[in-house]
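Asks: Residues per chain are reported as follows:
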Amino acid sequence: MAEAALTRAAAVGGGRWPLSLRLARRELRSGPASGFRGFRIFLACLLLGVAAIAAVGSLAQAMLDGLEQNGRALLGGEAELRLLHREATPAELAWLTANSGRLSETAELRAMARDPGGGQRRLVELKAVDGSYPLYGALATEPAGLGPAALAERDGSWGALVDPALLGRLGLEVGDRLAIGGLDYRIRGTIRHEPDRAGRVFSFGPRVMVALASLPATGLVQPGSLIEYHYRLDLPPGRAFADWRKRLVAALPESGWRIRGLAQAAPGIQRFVEQVRLFMTLVGLTALLVGGVGIANAVGSYLEQKKPTIATLKCLGAPAFLIFRAYLWQVLALALLGTLGGLVVGALVPLAVGPLLSERLNFQVAGGLYPGALALAALFGLLTTLAFSLWPLARAQQVPAVALFRDTVQRARRWPPRWAVAATGLAALALAGTAVLGTSDSRLALGFILGAALALAAFRLAAHGLVRVAERLPRPRRPDLRLALANLHRPGAPTANVAMSLGLGLTVLVAIALIQGNLRQRVLEELPAEAPSFYFIDIQPDEVATFQKIVGATPGVVAETRVPMLRGRITRVNGKRPEDLQIPKQVTWVFQGDRGLTWRATPPEGAKLTEGQWWPADYRGAPLVSLDDEVGKALGLHPGDHLTINVLGRDFTVEIANLRTVEWADLKINFVMIFSPGLLEGAPHQDIATVRLQPGPDDALGQAAAEDALERRVTDALPNVSAIRVKEALQTFAQMLDSIAAAVTATAGVTLLAGTLVLAGAVAAGHRRRIYDAVVLKVLGATRADIGRAFLLEYGLIGLVTALLAALAGSLAAWWVLTDIMNSPFHFLAGRVALTVLLATAVTLLFGFVGTWRALAQKAAPLLRNE
Amino acid sequence: MADIDATPGPMISLEGLRLTYPGGAGPVEVLRGLDLAVAAGETVSIVGPSGSGKSSMMMLIAGLERPSGGRVAVGGVDFARLDEDGLARFRRDRVGIVFQDFHLIPTMTAVENVAVPLEFAGRRDAFERAQDALVRVGLGHRTGHYPGQLSGGEQQRVALARAWAVEPDLLLADEPTGNLDGETGQKIIELLFELQAGRHTTLLLITHDPALAARCGRTVRLQDGRIVEDVAAAPAADRVPA
Chain A
1 MAEAALTRAA AVGGGRWPLS LRLARRELRS GPASGFRGFR IFLACLLLGV AAIAAVGSLA
61 QAMLDGLEQN GRALLGGEAE LRLLHREATP AELAWLTANS GRLSETAELR AMARDPGGGQ
121 RRLVELKAVD GSYPLYGALA TEPAGLGPAA LAERDGSWGA LVDPALLGRL GLEVGDRLAI
181 GGLDYRIRGT IRHEPDRAGR VFSFGPRVMV ALASLPATGL VQPGSLIEYH YRLDLPPGRA
241 FADWRKRLVA ALPESGWRIR GLAQAAPGIQ RFVEQVRLFM TLVGLTALLV GGVGIANAVG
301 SYLEQKKPTI ATLKCLGAPA FLIFRAYLWQ VLALALLGTL GGLVVGALVP LAVGPLLSER
361 LNFQVAGGLY PGALALAALF GLLTTLAFSL WPLARAQQVP AVALFRDTVQ RARRWPPRWA
421 VAATGLAALA LAGTAVLGTS DSRLALGFIL GAALALAAFR LAAHGLVRVA ERLPRPRRPD
481 LRLALANLHR PGAPTANVAM SLGLGLTVLV AIALIQGNLR QRVLEELPAE APSFYFIDIQ
541 PDEVATFQKI VGATPGVVAE TRVPMLRGRI TRVNGKRPED LQIPKQVTWV FQGDRGLTWR
601 ATPPEGAKLT EGQWWPADYR GAPLVSLDDE VGKALGLHPG DHLTINVLGR DFTVEIANLR
661 TVEWADLKIN FVMIFSPGLL EGAPHQDIAT VRLQPGPDDA LGQAAAEDAL ERRVTDALPN
721 VSAIRVKEAL QTFAQMLDSI AAAVTATAGV TLLAGTLVLA GAVAAGHRRR IYDAVVLKVL
781 GATRADIGRA FLLEYGLIGL VTALLAALAG SLAAWWVLTD IMNSPFHFLA GRVALTVLLA
841 TAVTLLFGFV GTWRALAQKA APLLRNE
Chain B
1001 MADIDATPGP MISLEGLRLT YPGGAGPVEV LRGLDLAVAA GETVSIVGPS GSGKSSMMML
1061 IAGLERPSGG RVAVGGVDFA RLDEDGLARF RRDRVGIVFQ DFHLIPTMTA VENVAVPLEF
1121 AGRRDAFERA QDALVRVGLG HRTGHYPGQL SGGEQQRVAL ARAWAVEPDL LLADEPTGNL
1181 DGETGQKIIE LLFELQAGRH TTLLLITHDP ALAARCGRTV RLQDGRIVED VAAAPAADRV
1241 PA
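Taken in sequence, the protein lines are chains A and B.
Oh and the first sequence: position 542 is 542 in this note's numbering, straight run, nothing missing.
Oh and the second sequence: position 84 is 1084 in this note's numbering, straight run, nothing missing.
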């Protein structure tokens, strides 16, 4: 029997493991009995933070993979060419036909759709498709199975498939007629899913799909009309996209195609996903940092419980470093457990959320495991554990063996050894380094990490200040207040932990609430107040007089601007292609699509020139351009430099005459490039106009009715002109903003949850002390109400100070993001901040009170007997 | 052992030993200049009222505490020349300690508790020796039990086995029966002296029990941090002057 016991003991305790590992294993083996209960908070904090980062990373990767896997359907082919304002020429079409597999042509434009019987009308996104559409993916319709054949002319009517939302808006049903431009279509069904639409995040109106062959009859195709022609095709077998593209550009160098391959199937979504991933990863990291405080607390209190064991080991001859290693292994083993848990949750999220997202994003989000995303989350988890636990671990090795004999005289708290301070610093640096290198925007990540570290330090300092103030305040006469103040500064008080754990999460929430609130206010209140009511697009030069007559006769019109416009693309900067330039991030948008172009003899009203001169009003020399100052500065351009612009398939090179500031935020008509007169007038173009309506108080019509009336008069008289209601567009934008804010707030909620966990841990750690206090106070005659009030006051004070500081820090962060990054004004929204402050105080009170309630319920006698 | 220079002489040598703790209300003088020499193999009981400095003296002899003044040498090794880890290694190899509160590690089984100091010393046969030590204290059948599963007497026997397993030159016992009932305590004491006699180990025993003190060859009485009496039990020739 003895031998069996020995074998068993040797098997569990001996073996060939290094001694520190053996010691760690023995402690871990005994589980909760040996004080691991406190590690529940440790595990929960780690699990939460790692799960958040792993989930965000996995989900983003699943979306990106989904984009890649669905590339053909999203792009509509293996390659897509886009032309603005014009169709491909016969020569171009001949080249494409000869050098591709299948080919499909579509045209997209904005147009007004009307109920021919009634007066209802709506701006729609019109898509005209040929018989081959779609090359990839499937069009889902109601009734099922409708395709291009349903759009063909039948019984004297062309067919249309429409977004169901349009039917509700115009009060129409399938089978009814729908007027677009000068043509009446017959609605043959509704569209449930359009395979190549996912790439668009924002749209001005519901979709209407018609036959390409019907488009000329609408009268919408006019010279210079804002129409995009798309050519989707299959590459010839065995031909790579890059190679094919090179041949296309060589064969048709001046076509001005925008060419996309599968890798750029949905660049807008790709960029959006990347940005959301960056932001959410940083928010997840904040949760992990807040959790780090919980990790440090849990490790500290576990080691405090282990003091006798550590002292015993020292008495038996264990060197200090052996003790450090033995407990480090334990912490790492638990960290591994928490991290693994987080990874499992994080890996499961794409499976759970993927289908929902697929529905909203209109493409299949991929499922599967993403080792890269999981590895990054695991690394974050382990580094956070090290950064927050090395310090308490190093202090544990300083526990003197003499602690076994007596709690002699209180010793001064010593700093851990220098190597431990250095190791903690290294772990923190590695954590920051991983954040900076592991995310796509290093500068933002670094700013975020520094900000979070500063905020944590600020909350620690604030708590310290509160403790000091509580210490120095004169003793109040009210016993509950006196007790509350004493509890704030007694040894082992949770003040610092509560402030740090709640503070960072609240700061993030306040910042998000303020950013969202400011943007919402800007989009829904401030912008509509100064923005035009309408944009009217596609006004033909011969329609200008009619348009002006209608607008002039409309009461309440306070401002109208009208400019000629056509679109073009920068193809060279000082002779260099954009792909050969180092383009700063903030101006890449200038090269990502076609830009609006106009010409003027005189500078626009309110324009400020920062470099160069405006051309004389009667200038007729070589073409000049006035460039947006921000774009020019970012690209290092000055007057005298040259830009090459492709307009309608032809390249023009112009000299920069000046740089000019542009106020983009006011939603008036603005241009990156304004040309000197003489170059563009000859090209087919159309006018774009803004109209601001402000009916006086005496006008019979209200704002909405006045807008309806103007829209009706213009589009009745000029069916090819489209009216964009700015307010509606802004509302759509605000809705998008709200969805994004909801997702961001949910992630930030994880940070607050981590904070709450840490808070719960801190309250639990002080629970025994609290019970003892409550019992002694009860013995001395305090009522439960007295004690309850004192504890509520204590937590209320900590919560209030934390919330005020969080409000300040969050407001600063929001101010920085809004004014510096988003170029938007900042308003302090007291209501939102107050709500957050109240929430914070409520949370702390709730947790403090739950702990207190249990303490108050404790019977005095058993505890006193034990004592 | 090779790294510790030893000079021949008594097993324990205390010279002018002082210990002062800084305290909030001013320094607390715990030991006020002790001189003591204990020869190898001697059994010495330390007696005195609570707060007289008994445990502090033992902590200094175990190298668990640094003196504020004076000199401690054990087995000819001057503790002033050892750093904290050096002292830990010295204890590991040459000193066994038995506590009043046993101080077993609750997460380790009996045999693991006994094996720990042997493992620290890098002994490959740590578990075999621990097993033997437990058999010697009569616990060969309970090696796989945790401290929480053992009675107080059994726990103290495990602690004794742990102290003896390293075959120390010096055994320090701080009221080893203080937490045990009379009968169990008696058995532990029998075992302690039996083991001591077997290896002729030097034994320093702190106790409040005059009968137990009388079993040692010599009794040193402390009061207010000073040695006030140092007597041999019998014969008189065993006396060592303070």
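Hint data in this document are derived by calculation from the structure and do not stem from the laboratory.
Please note that the accuracy of each hint is not assured.
[Stated by the list, open to error] FRET-style restraints, in silico, Cβ to Cβ:
#1 L426(A) to D1083(B): 41 to 49 Å
#2 P1022(B) to A486(A): 45 to 53 Å
#3 L337(A) to Q1223(B): 39 to 47 Å
#4 R29(A) to Q1223(B): 45 to 53 Å
[Stated by the list, open to error] Some chain A residues judged to face chain B by a derived CB distance under 8 Å, without partners named:
#5 W17
#6 S20
#7 R26
#8 E27
#9 K314
#10 L316
#11 G341
#12 V344
#13 A760
#14 A764
Beta carbons are placed, not taken as given, at the ideal position from N, Cα and C, and that holds for glycine.
Asks: Output the indices of the hints that this structure fails to meet, ascending.
Replies: 1, 2, 3, 5, 6, 11, 12, 13 and 14
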